[in-house]
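Chains Z and R supply the protein sequences, listed in that same order.
Note that the working numbering gives residue 75 to position 37 of the first sequence, counting from 1, and the numbers run on in steps of one.
Note that the working numbering gives residue 43 to position 5 of the second sequence, counting from 1, and the numbers run on in steps of one.
There could be a bad hint or two in this list.
The list treats identical chains as interchangeable, and a pair is accepted whether it falls inside one copy or across any two copies.
To be verified - List time: in silico EDC-like cross-link candidates among lysine to aspartate or glutamate, alpha-carbon distance up to 20 angstroms:
1) K76 / D268
2) K325 / E99
3) K302 / E80
4) K325 / D264
5) K96 / D106
6) K76 / E99
7) K84 / E248
8) K302 / E227
9) K76 / D300
10) K234 / D300
11) K302 / D268
12) K84 / D238
13) K149 / E50
Treat the hints as calculated values from the structure; they're not laboratory data.
Number of protein chains: 2
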Amino acid sequence: MSSYNNTARFSEARRVAIFGGTHGNEMSGVTLVNLWTKNGAEIQRKAVEAVPFITNPKAVEKCTRYVDTDLNRAFTPENLSTRLTPSDECGNNLPYEVLRAQEINRIFGPKGSPEAYDVIFDLHNTTSNMGCTLILESSKDYFNLQMMNYIKLVENLFYLQMNHLIVFFYAGLEVGPQPQGVLRSNIFEAMRVILKHALDFIELFNEGVEFPPCTVEVFRVLERIDYPRDANGNIIAMVHPNLQDCDWEPLNPGDPMFQTFDGKTIHYQGSGTVYPTFINEAAYYEKQQAFITTRRETLVARRLCRGSSPANF
Amino acid sequence: MSSYNNTARFSEARRVAIFGGTHGNEMSGVTLVNLWTKNGAEIQRKAVEAVPFITNPKAVEKCTRYVDTDLNRAFTPENLSTRLTPSDECGNNLPYEVLRAQEINRIFGPKGSPEAYDVIFDLHNTTSNMGCTLILESSKDYFNLQMMNYIKLVENLFYLQMNHLIVFFYAGLEVGPQPQGVLRSNIFEAMRVILKHALDFIELFNEGVEFPPCTVEVFRVLERIDYPRDANGNIIAMVHPNLQDCDWEPLNPGDPMFQTFDGKTIHYQGSGTVYPTFINEAAYYEKQQAFITTRRETLVARRLCRGSSPANF
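Chain Z with its partners taken away, still in its complex shape (with noise of 0.2 angstroms):
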């Protein structure tokens, strides 16, 4: 990406993949991806080569988030700089989901370098009342920043809560309330309209299309919050049900957080106003989380056109 005089220029996004199971039992982009690779019909543009890929294979074919450690959080420089063999330096059994890592770097990689490819979709779902959620890694992001703008503009379906904008560590499409290992037809739809409006857009970009500058709600990572929790470790509290579902809603100082299981509220105790989200997730527990704090910003996309800079996004 270069940029003067307020402009952010691309060269064009021809490759893009899509990436289903990275967690195996988020059924909606397992779903689709396999529909996809048998019939990629839906998915073909003329200026936009989308390759959807299901990113672990065992993990689907077990309905379990991971087999070995969580495949989302193995794409560290460690275990990508690795040598591409089955065991470590010691003899130990590389854990699956890192292999798999360095797999998929090779194809669709090697992340910052120029063969990488230009776009990635990573299909989530989440058991939290979240709608659909865009995650990206960074505020400086115009050319993502730009697409929401654009699928904002041309979507207006209810479950399409494309202002939740989350500056996260990773990039991915989260769609939910699902629970894990379930398909729901509203969820499969949401995430399915999402993906043709995010091609539609980038078809338009490598066309030439420049898109003026525009403002984005977005809602930047705080903190996380544990589940209160004993001296042995043992969680003795809920969430409260006035914050259960209520993901992006403002939660101020002195709002109900948690219900203890005898009965007793705890209050957030914050100095301002968060919007909490990824409110009571399953697999957040074995993270020590219960939900994330957010603050709400408003974003200045710059005005997007092509250029000649190298597409890695």
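Given the structure of chain Z, go ahead and fit chain R onto it with the hints provided.
Just chain R, lined up with the frame of chain Z:
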């Protein structure tokens, strides 16, 4: 149980077991049983000895439904009659849950014997929108029918849809919707309050209170309906949005039932109205079951009073 003059007589039901974690990722029962194991004041009654018990501790530790095989289907006469050894006659290791079923039968049974516990509550969650459901083995289980009638009379919280009794192949309490691995406060409190009233009912019964004849609306299981599949056995459709979350509501011939991934609607072709339940339950994908059809019935529960017969329900 003995009966004459339309009266059902049971000897007192002093020993009550409360099972949680039969499926290790159904968190309401796991949490309640762990809580009551630490402090049983809430489940103590003068004339009742209530024992909370985690039935599948390995599955609870891993937060998975089961380790080797479904414990809830392991209490078969064949499994329970096998000698208590960790391997079968061919030297193969027995599945963990088969050994566990034998152990549970030894502690709380043997099933059908005079030493067996009088009442067993098996606490379950479902991802389906089923409310609170008591699952019984027999339409002549007058004790549990009277218990359900009692709970309906004393409790009118909106989520206690205790009119949803289902005659089925095992006895349990099923509360949902709740994703696997998640503890929701509303579902937790619903299960807790049902257990409170159930123990109150048993206490009253043991104290000699008699319960007059009553009628109870129940749902009797008819048929298990699988997802539509292609020639290779792959699922090609989802539960239709008109049916999703509509457990216990009438499904009439011609009503939408499934939606294929290419957008076609599949209609219910039965000959009359049925009442679907366990709609889109996560754990039933592997059992090739999208939902279960039931029919409504009105059962008459006989007058209940304490007698001298053995109390093996």
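Evaluated hints:
no., hint, result
1, K76 / D268, "between (50 angstroms within a copy, 13 angstroms between copies)"
2, K325 / E99, "between (24 angstroms within a copy, 15 angstroms between copies)"
3, K302 / E80, "between (52 angstroms within a copy, 16 angstroms between copies)"
4, K325 / D264, "within (9 angstroms within a copy, 35 angstroms between copies)"
5, K96 / D106, "both (10 angstroms within a copy, 17 angstroms between copies)"
6, K76 / E99, "within (17 angstroms within a copy, 38 angstroms between copies)"
7, K84 / E248, "within (18 angstroms within a copy, 77 angstroms between copies)"
8, K302 / E227, "between (40 angstroms within a copy, 13 angstroms between copies)"
9, K76 / D300, "between (52 angstroms within a copy, 12 angstroms between copies)"
10, K234 / D300, "between (48 angstroms within a copy, 15 angstroms between copies)"
11, K302 / D268, "within (14 angstroms within a copy, 52 angstroms between copies)"
12, K84 / D238, "within (10 angstroms within a copy, 69 angstroms between copies)"
13, K149 / E50, "within (18 angstroms within a copy, 70 angstroms between copies)"
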